[in-house]
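So the chains spell out like this:
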Amino acid sequence: MINHQSAKQTEAVIKTENVNVYYGNFLAVAGIYLDIAKNQVTAFIGPSGCGKSTLLRCYNRLNDLIPSFKLQGAITYHNQNLYAPEIDPVQVRRRIGMVFQRPNPFPKSIYENIAFGARINGYQGDMDELVEKSLRQAALWDEVKDKLRQSGLALSGGQQQRLCIARTVAIQPDVVLMDEPCSALDPISTLKVEELIHQLKENYTIIIVTHNMQQASRVADYTAFFNVRTTEKGDRQGYLVEYDRTEKIFQNPKEEATQQYVSGRFG
Amino acid sequence: MTDATFNPETLKRNPTSPRTLFSLFMSGVAGLFMTMAIIPLFIILFYLLYKGISALNFQVLVQLPPPPMVEGGGFGNAILGTVIMVAIGTLISLPVGVMAAIYLSEFSRGQLASWTRFATNVLSGVPSIIVGVFAYGVLVLTFKTYSAWAGGFALAILMLPTIVRTTDEALQLVPQDVRQASTGLGANDYQTVLQIVLPAAIPAIITGVTLALARAAGETAPLIFTALFTQFWPNWDKLLAEPTASLAVLVYNFAIVPFKNQQELAWAASFILVLLVLLTSIISRLATSTRKY
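As they're listed, the protein sequences go chains V and P. First residue of the first sequence? That's 34 in my numbering, and the numbers climb one at a time after it. First residue of the second sequence? That's 20 in my numbering, and the numbers climb one at a time after it.
Don't take every hint at face value.
Far from chain P, by Cβ distances over 10 Å, these chain V residues were calculated [to be verified]: (1) 57; (2) 149; (3) 162; (4) 175; (5) 223; (6) 246; (7) 268; (8) 269; (9) 277.
Label-pair restraints from in silico Cβ distances [as the list claims (entries may be wrong)]: (10) 180/V - 127/P: 35 to 41 Å; (11) 293/V - 39/P: 37 to 43 Å; (12) 127/P - 112/V: 33 to 39 Å; (13) 121/V - 46/P: 55 to 61 Å.
Don't read these hints as lab results, they were simulated from the structure. Ideal placement from N, C-alpha and C gives every residue a C-beta, glycine not left out.
Required output: the full structure, derived from the provided sequences and hints.
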């Protein structure tokens, strides 16, 4: 079963072509074709172990940190294969930023949390201005403007996650990857982060992994549903079931499995 | 819906049940052994204070050790010698140990890392007198003189395993999340380790270095083979390449002579040695009071 549905009408920033992800000899994610639309929000949904986070981490080469990781196929970003041998993963990550599942601010001041990324990326402009702008973009400025020198770890969970988003937008990436950014947050913080995603869409392309289907339907323009199957050898393997506009996935999906998952009768 | 057979009385505490009594007894045993474990520390501190305080005055801190049968004198040269040699030891072992630990924790994988860790543990188990003989063979025989450098080198080898192990452990306590966040922002390995991981681990590293330093300051055996002892001040003109006094060796020498003045100086020197180590620990604790993780 192969799905090759491109994001129509808008330009594709990232193209995923027949991607297989291996850990050692174990094929963890199989045969993914998926194009990410520019300045749109794309959500990855599916049960645990379906490979959605694994695939997300392929886009900024974060899986390179795992020694047994191997990728077949091609992921192209502006028509450049990200896994070509001459590509520097550090440069990839400067263009494709990431927000993690658990808020993980650096054990530094709020100011330094944001300045760090900009500084290592050779930012020459006014640092104070960049910090303020990034915090404003992350809707955090009003809450922290009087305590920029305090530790980022002293903030609440929701504030920490918005700090992590501010830190990511401060390096002015092109694409922002979000790996279940709200799973550790309370509903009010979740709402703030979702509003933020809506605003960030203006300037960034966003891919968000979520377990929360309401969240996917609220924030995403496109939704990809992944599932997991058991091979003859007994390995669990993730694959893409269906990828389309979010309304289509939630109201009128082509596949039976998608219909069952989004209506909560499965997974 | 209530359970007709449930008796609320069974929820009440029964002070004479075997379980309660056994629990009380075991808590008592644990408390007793805890007391036994810390009693030696307090006895030593009290005894040193009691014996040392009588000989303690300002002049012992600045004067040279007296010849036999002569009253007065002090051990200023031994204090200075100990500080110099511990400083040399730290200057050698700190960069080497921290860099080795960074390699172990951040960049090595599998066999090499586990063998290096094993080797570090073996090194920490090597008796200090053997380390002294080793430093004697390497530096004293080569340069044909006892020196503060040879003493500092021996202390560095003693400090190394403690620094490597505590730094290694401190670095591994820094959450993987934070490394990924840094990598995700486009930091390379060098930027991640130097600007994110290492600063987060600094308090724990300082604790480890203090432990190593405290142990080194009290070592006698390796210094007997390397720095020996002298009645005189450390000689800066000869670049410290002469026998050098230290508190530990002074205590060792003076405690076994039959002269009362020397014996009292040995007590005072022991007290000063413990005080110096204590002071170093407290200062380093204050300087880095907050653990980040």
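Can you give the numbers of the hints that this structure goes against, from lowest to highest? Hint check: 2, 11 fail, others pass.
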